[in-house]
Amino acid sequence: MRPLGGPGDQLTLSRRRTPRLAQILHNAGCCSSIRGTVCYASEVGEIRQWFWLMAAEAQPRPPQTRKPVLISKIESIQDVVNTAVIIPKEDGVITVSQDRTVRVWLKRDSGQYWPSIYHTMPAPCSCMSFNPETRRLSVGMDNGVVSEFIVSEDFNKMTPACSYQAHQGAVTVVLFVLEMEWVLSTGQDKNFTWHCSESGQSLGTYRTAAWVTGLQFDVETRHAFVGDHSGQVTILKLEQDNCSLVTTFKGHTGNVTALCWDPVQRVLFSGSSDHSIIMWDIGGRKGTAIELQGHNDKVQGLCFAPHTRQLISCGADGGIVVWNMDVKRQETPEWLDSDSCQKCEQPFFWNFKQMWDSKKIGLRQHHCRKCGKAVCGKCSSLRSTIPLMGFEFQVRVCDECHKSITDEERAPTASFHDSKHTIVYVHYEPTRSWLLTSGTDRVLKLWDMTPVVS
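So for the sequence shown, numbering that gives the first Met the number 0 puts the first residue at 0; every next one is plus one.
Calculated directly from the structure, the hints in this document are not laboratory data.
Incorrect hints may have been included.
[To be verified] With a straight-line Cα cutoff of 25 angstroms, these simulated DMTMM-like cross-link-like pairs (lysine to aspartate or glutamate) come out:
(1) K236 - E180
(2) K327 - D356
(3) K419 - D273
(4) K249 - D153
(5) K156 - D98
(6) K88 - D108
(7) K372 - D417
(8) K327 - D440
(9) K88 - D153
(10) K156 - D78
[As the list claims (entries may be wrong)] Derived CB-CB ranges, DEER-like:
(11) G253 - D98: 27 to 37 angstroms
(12) S201 - C370: 47 to 57 angstroms
(13) F392 - W334: 10 to 20 angstroms
(14) S201 - G376: 37 to 47 angstroms
(15) T64 - G168: 36 to 46 angstroms
(16) A208 - Q164: 14 to 24 angstroms
(17) C370 - E407: 11 to 21 angstroms
(18) T64 - G371: 46 to 56 angstroms
(19) D338 - A122: 48 to 58 angstroms
(20) C343 - G203: 53 to 63 angstroms
(21) C370 - A410: 19 to 29 angstroms
(22) S151 - G250: 42 to 52 angstroms
(23) Q329 - R206: 31 to 41 angstroms
From the three backbone atoms N, C-alpha and C, an ideal C-beta is built for every residue, glycine too.
I would like the entire structure built from these sequences, with the hints used as guidance.
Written out as structure tokens, the structure reads:
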């Protein structure tokens, strides 16, 4: 008989599984007292297994990661859904698709969504706007026509209201403004137009630099925010029958793919095919622009949760990113120009004079994302996240800045989730914190965002 763990080792045992342990100790000829006992046992393996189980039970369980909850899928769709909206206060969804159909999906007793309205349009449907208060549905098509419908209270019927030729090309965005009784629309013909929602009469047109891909409207100031394919955002002041140019924002290197307006803080968010999001602080009147880098492909949709001040962004990479916009963020610095490294003064490869004088080979130029200085690869060999500057992924920083970044500054300000399909459109319903994603796989997914938007 060999002592457990060595001569004189004391084992303090809990009362759990006492009978079996007492029997083991008794068989070994040892005292079976549970607490404060010096134990020498022949059945060492079983005792060790008991202690291993107790230690495993004592280990703290890792906290469960909060993530969106998939509520339901809608899969019986023949073509990609270009626009979809969640019907507030109803278990329903409205979709428009490339297959020329407008469908209203209602949840049945089986838990599945089935069409209660199936309406075929004369051309493929490119966009749509739905106003829940008036149940007015505005549908834009590839032939440039905007058609208006009134949906019945039980969502089983839609009655045509009016149709008009708004554009000479495909309608890219349509937006109904109840307070003004306007229907705003943009098209591939590079025109931004607004019509009277009652008569369908054209009230005005503005020619944009490129065809428009994003549109938002502020009712209080009558400002329209127009994002186009050239990457710029134009702000227009609308009147009843004319408009004036206020200013233009240029910050994206790709085309603008999504816009989102927060009327309370007076902040505009723009997403782009360059994978970035820019927050334009219009209310601050200081020209502040904050970059957010959290996608590996073009940004397809932006939604703002006003009650928690969180931004939800979705991309073609399938990512759903929830940004905390209640933290004080910093602007990214302008990249500085230099003919030599601003740290070690080594010449860059185009600086022939310094290369000749110093008899050194020119180096490639890089930039530190924190200070903006032009540096060589040797002086910027380290990487770091800078969440307060919007860099949730690791980026290049110079060695000096890397030392200055604290662990607190590296704390993430966004959470990342996978939708498991390539997203083309998103819609957020804030009263229930539901998110709807439409993918290239012709599947709609309904998500409960409460675990992450709170």
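Task: Hints the structure fails to honour - done: 2, 4, 7, 8, 14, 18
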